[in-house]
Amino acid sequence: MKTEVTGDIVPNKLRTLVLLGVLLHVTAAAELVIDVQGVAQPTPVAIVPFGWEGDGGVMPIGVADIITADLRRSGRFAPIAEEKMLQKPTDGADVDFQDWSFVGVEAVVVGKLLQTGADEFTLQFQLFDVFGRRQLVGYRMPNVSRATMRGAAHRAADMIYEKLTGIKGVFGTRVAYVRATGQAEDRLYSLMISDQDGFNEHTIMESKDPIMSPAWSPDSRQLAYVSFEGNQSSIWVQTLRTGNRFQVSARPGINGAPSFSPDGRQLVLTLGGVDGNLDIHVLDINSRQTTRLTTHRAIDTEGSWSPDGKYIYFTSDRSGGPQVYRVPATGGTPERVTFEGSYNARPRLSPDGTKLALVHNDRGNYRIAVMDLERRDLIVLSNGRQDESPSFAPNSDSLIYATRQGRNGVLETVSADGLIRQKLAARTGGDVREPVWSPFPRY
Amino acid sequence: MSNIKLITAAALVLFLAGCSQETIPDPEPSDEVFGPADSDASTNSMGSGDPYGGEEFGADPSAGELDTVIYFEFDSSEVRPQDQDIVGRHAMQLAENPRLRVRLEGHADERGSREYNIGLGERRAQAVRRMLMIQGVSADQISTVSFGEERPVAFGSSESDYAQNRRVEFKYTN
Numbered sequence: 007m008k009t010e011v012t013g014d015i016v017p018n019k020l021r022t023l024v025l026l027g028v029l030l031h032v033t034a035a036a037e038l039v040i041d042v043q044g045v046a047q048p049t050p051v052a053i054v055p056f057g058w059e060g061d062g063g064v065m066p067i068g069v070a071d072i073i074t075a076d077l078r079r080s081g082r083f084a085p086i087a088e089e090k091m092l093q094k095p096t097d098g099a100d101v102d103f104q105d106w107s108f109v110g111v112e113a114v115v116v117g118k119l120l121q122t123g124a125d126e127f128t129l130q131f132q133l134f135d136v137f138g139r140r141q142l143v144g145y146r147m148p149n150v151s152r153a154t155m156r157g158a159a160h161r162a163a164d165m166i167y168e169k170l171t172g173i174k175g176v177f178g179t180r181v182a183y184v185r186a187t188g189q190a191e192d193r194l195y196s197l198m199i200s201d202q203d204g205f206n207e208h209t210i211m212e213s214k215d216p217i218m219s220p221a222w223s224p225d226s227r228q229l230a231y232v233s234f235e236g237n238q239s240s241i242w243v244q245t246l247r248t249g250n251r252f253q254v255s256a257r258p259g260i261n262g263a264p265s266f267s268p269d270g271r272q273l274v275l276t277l278g279g280v281d282g283n284l285d286i287h288v289l290d291i292n293s294r295q296t297t298r299l300t301t302h303r304a305i306d307t308e309g310s311w312s313p314d315g316k317y318i319y320f321t322s323d324r325s326g327g328p329q330v331y332r333v334p335a336t337g338g339t340p341e342r343v344t345f346e347g348s349y350n351a352r353p354r355l356s357p358d359g360t361k362l363a364l365v366h367n368d369r370g371n372y373r374i375a376v377m378d379l380e381r382r383d384l385i386v387l388s389n390g391r392q393d394e395s396p397s398f399a400p401n402s403d404s405l406i407y408a409t410r411q412g413r414n415g416v417l418e419t420v421s422a423d424g425l426i427r428q429k430l431a432a433r434t435g436g437d438v439r440e441p442v443w444s445p446f447p448r449y
Numbered sequence: 002m003s004n005i006k007l008i009t010a011a012a013l014v015l016f017l018a019g020c021s022q023e024t025i026p027d028p029e030p031s032d033e034v035f036g037p038a039d040s041d042a043s044t045n046s047m048g049s050g051d052p053y054g055g056e057e058f059g060a061d062p063s064a065g066e067l068d069t070v071i072y073f074e075f076d077s078s079e080v081r082p083q084d085q086d087i088v089g090r091h092a093m094q095l096a097e098n099p100r101l102r103v104r105l106e107g108h109a110d111e112r113g114s115r116e117y118n119i120g121l122g123e124r125r126a127q128a129v130r131r132m133l134m135i136q137g138v139s140a141d142q143i144s145t146v147s148f149g150e151e152r153p154v155a156f157g158s159s160e161s162d163y164a165q166n167r168r169v170e171f172k173y174t175n
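Here the protein sequences line up with chains A and B, keeping their order. Residues in the first sequence are numbered from 7 upward in steps of one, following the numbering used here. Residues in the second sequence are numbered from 2 upward in steps of one, following the numbering used here.
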């Protein structure tokens with residue numbers, strides 16, 4: 007992997023640029039171009055190039071580069087350039103705190119990749135607090151293969167991030183999204199998955215007809231989605247490992263907006279019937295039994311569970327324009343949740359249950375906003391004209407959504423406080439939309 | 002910009018051409034299959050000539066020139082007055098041919114949330130469906146599907162692109 011930062015940027019300059027709101031162009035992935043725009047003060051850290059003990063002179067992947075890119079993309083850290091390092095130890099015993107304190111970093115990471123078999127490696131690293139002159143983390147992963155090496159590096163970045171910020175890292179997570187390419191007869195829709203840094207992009211499903219509304223199962227093993235194959239909407243659940251899929255709903259009229267219950271046994275979905283009255287239903291995946299939760303003749307759609315499983319939040323235009331409502335998951339009277347503005351749609355709760363992300367009409371622009379469920383205040387987080395499909399990271403600390411760049415949709419992430427925003431533009435092109443952040447990986 | 006418009010216009014024309022083709026059911030087999038039964042028949046090209054100069058006549062039930070797309074105002078599912086005649090002619094055609102089936106495909110422009118836009122497209126398709134049924138078309142003859150903003154005809158983000166995308170298409174399926 008190649009990490010390029012335009013210009014000769016030292017942490018101080020970086021900070022100034024970031025404070026000025028200047029976009030830094032960081033080529034951080036083969037598939038993605040990532041622009042980091044932050045206003046927070048990133049902490050200077052050093053990720054020393056990892057040692058390599060194995061076949062050939064060159065390490066199979068740049069472990070330090072992956073960790074550096076992860077930490078930089080978080081917007082909270084400013085890893086220093088290799089040229090600024092006065093020493094490049096690969097073992098904790100060789101770390102000279104005096105040197106690192108002189109360079110001005112607050113934390114140092116050193117480590118090694120050791121080959122122990124044809125396709126067996128050990129990845130080990132240590133994290134040090136420069137001012138406290140002590141080790142914060144020392145961790146060894148002995149069961150790494152070529153295929154899992156990037157994942158192990160992300161795992162290291164997650165541990166470093168959590169130790170330094172107190173927030174669980176999401177570098178080992180994935181993102182599912184829909185890509186559309188071509189026009190008219192050449193139109194092709196693809197359901198895609200990649201690592202959160204854009205690597206390891208895979209096509210899960212491809213169709214001439216639209217694909218919509220991907221949703222992760224809570225164990226990250228399956229995706230539910232809507233397909234229009236045969237010019238009719240239907241909902242499918244596909245197992246990622248095998249590629250096998252099964253149809254869970256194909257009733258006359260609309261079958262849309264699936265979302266898994268926290269226990270993974272049920273899907274909330276939208277059914278329209280022959281008369282086209284969209285209502286919220288809950289489908290038990292095993293028995294295929296559905297329970298209707300709303301009956302209003304308005305559009306009721308985009309249901310999603312609260313993390314405690316008690317409520318289903320949804321969009322309804324029963325009051326005129328679309329607003330967010332919630333209804334007990336076992337049935338009951340819907341109550342209105344949003345009152346600010348004329349358009350609030352596609353609610354998604356943060357996994358910690360404290361915030362609600364939605365699409366909000368902000369003076370004619372469709373933008374991503376977050377509502378604090380306790381204080382009830384709404385903060386607009388994005389600045390596009392046509393932003394949509396917000397999805398929380400599993401640590402509730404940031405969101406991913408789709409925005410427009412020219413004629414195409416691209417993905418952006420933003421911290422839940424709105425301070426750090428970054429663009430993830432798919433370099434392979436196409437119109438990218440409907441990103442959904444996976445749950446935490448099971449380490 | 003004009004290139005884009007040209008391409009869009011061309012795409013629209015192709016698209017409409019595609020629709021009207023679908024609209025016209027295959028003609029009934031003509032009497033050509035009963036052509037001269039002599040042993041050299043296979044050397045005659047089947048389509049090129051009825052030796053008796055035969056040709057089809059009478060009204061084609063699916064009148065080829067009938068528009069198959071109608072457009073809607075922003076945030077509206079009301080069929081515009083100027084389009085009511087088009088819907089009426091489809092209604093007549095369907096009522097007179099109970100075996101004809103039509104799929105009404107509702108569409109929205111790209112603004113706002115995708116699944117909510119599926120709802121808006123469905124509302125448009127249902128408005129047309131009700132209008133057809135009031136005029137005597139059987140519910141069995143009509144199905145609806147909404148593609149929301151997923152199948153735009155115009156790919157830009159101008160008001161005129163949006164106007165082309167807010168539509169219901171008549172697709173004959175039998």
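None of these hints come from the bench; they were simulated from the model. The structure displayed is predicted, hence computed values, not measured ones. Take the hints with a grain of salt, since some may be wrong.
[Said to hold, decoys possible] DEER-style ranges, computed between Cβ atoms:
1. A164(B) <-> G338(A): 21 to 31 angstroms
2. E66(B) <-> L194(A): 29 to 39 angstroms
3. S348(A) <-> L67(B): 36 to 46 angstroms
4. V386(A) <-> L67(B): 40 to 50 angstroms
5. R247(A) <-> D76(B): 42 to 52 angstroms
6. T297(A) <-> Q83(B): 37 to 47 angstroms
7. G327(A) <-> A164(B): 40 to 50 angstroms
8. L67(B) <-> A256(A): 29 to 39 angstroms
9. E160(B) <-> S348(A): 38 to 48 angstroms
10. G338(A) <-> A140(B): 25 to 35 angstroms
11. R247(A) <-> P99(B): 48 to 58 angstroms
12. Q411(A) <-> G137(B): 44 to 54 angstroms
13. G249(A) <-> Y53(B): 50 to 60 angstroms
14. G249(A) <-> D76(B): 37 to 47 angstroms
[Claimed, not checked] To spell it out: a stretch of chain A is covered by chain B in this simulated footprint if at least three of its residues, at any positions, have a beta carbon under 8 angstroms from a beta carbon of chain B; those stretches are:
15. 76-83
16. 98-107
17. 112-126
18. 133-143
19. 289-300
20. 349-356
21. 385-399
All C-beta atoms in this analysis are idealised placements derived from N, C-alpha and C, irrespective of residue type, glycine included.
These are the hints, each one checked on the structure:
1. At roughly 41 angstroms, the beta-carbon separation of A164(B) and G338(A) lies outside the given 21 to 31 angstroms, and the hint is violated.
2. Distance hint check: the CB atoms of E66(B) and L194(A) are about 32 angstroms apart, consistent with the given range 29 to 39 angstroms.
3. Look at S348(A) against L67(B): about 38 angstroms separates their beta carbons, and that is inside 36 to 46 angstroms.
4. Our hint of 40 to 50 angstroms for V386(A) and L67(B) holds, since their Cβ atoms are close to 47 angstroms apart.
5. The given range of 42 to 52 angstroms is respected by R247(A) and D76(B), whose C-beta atoms sit roughly 44 angstroms from each other.
6. The beta-carbon spacing between T297(A) and Q83(B), approximately 44 angstroms, falls within the hinted interval of 37 to 47 angstroms.
7. Separation of G327(A) from A164(B) is about 20 angstroms and departs from the stated range, judged on CB atoms against 40 to 50 angstroms.
8. A hinted range of 29 to 39 angstroms holds for the C-beta pair L67(B) and A256(A), which are about 31 angstroms apart.
9. Roughly 19 angstroms separates the CB atoms of E160(B) and S348(A), a value that falls outside the hinted 38 to 48 angstroms.
10. Look at G338(A) against A140(B): about 33 angstroms separates their beta carbons, and that is inside 25 to 35 angstroms.
11. In this structure, R247(A) and P99(B) meet the distance hint of 48 to 58 angstroms, their C-beta atoms being roughly 49 angstroms apart.
12. Against the hinted window of 44 to 54 angstroms, the Cβ-Cβ separation of Q411(A) and G137(B) comes to about 49 angstroms, which satisfies the hint.
13. Between G249(A) and Y53(B) the CB atoms are about 59 angstroms apart, so this pair conforms to the stated range of 50 to 60 angstroms.
14. Our hint of 37 to 47 angstroms for G249(A) and D76(B) holds, since their Cβ atoms are close to 41 angstroms apart.
15. Requiring three or more residues with a Cβ within less than 8 angstroms of a Cβ of chain B, the coverage given for the stretch 76-83 of chain A is violated, as only 0 such residues are present.
16. Closer than 8 angstroms: that is the beta-carbon criterion, and the stretch 98-107 of chain A has 0 residues meeting it against chain B, so the requirement of 3 is violated.
17. With 0 residues having a Cβ less than 8 angstroms from any Cβ of chain B, the stretch 112-126 of chain A misses the three-residue criterion, and the hint is violated.
18. Coverage of a stretch by a chain is defined here by at least three residues with a beta carbon nearer than 8 angstroms to that chain's beta carbons; for the stretch 133-143 of chain A and chain B the count is 0, and the condition is violated.
19. With a cut-off of 8 angstroms between beta carbons, the stretch 289-300 of chain A has 0 residues touching chain B; three or more are needed, and the interface restraint is violated.
20. Counting residues of the stretch 349-356 of chain A whose C-beta lies closer than 8 angstroms to any C-beta of chain B gives 3; at least three are required, and the coverage claim holds.
21. Against chain B, the stretch 385-399 of chain A contributes 4 residues with a C-beta closer than 8 angstroms to a partner C-beta. That satisfies the three-residue criterion, and the hint holds.
Consistency note: the structure conflicts with the earlier hints numbered 1, 7, 9, 15, 16, 17, 18, 19.
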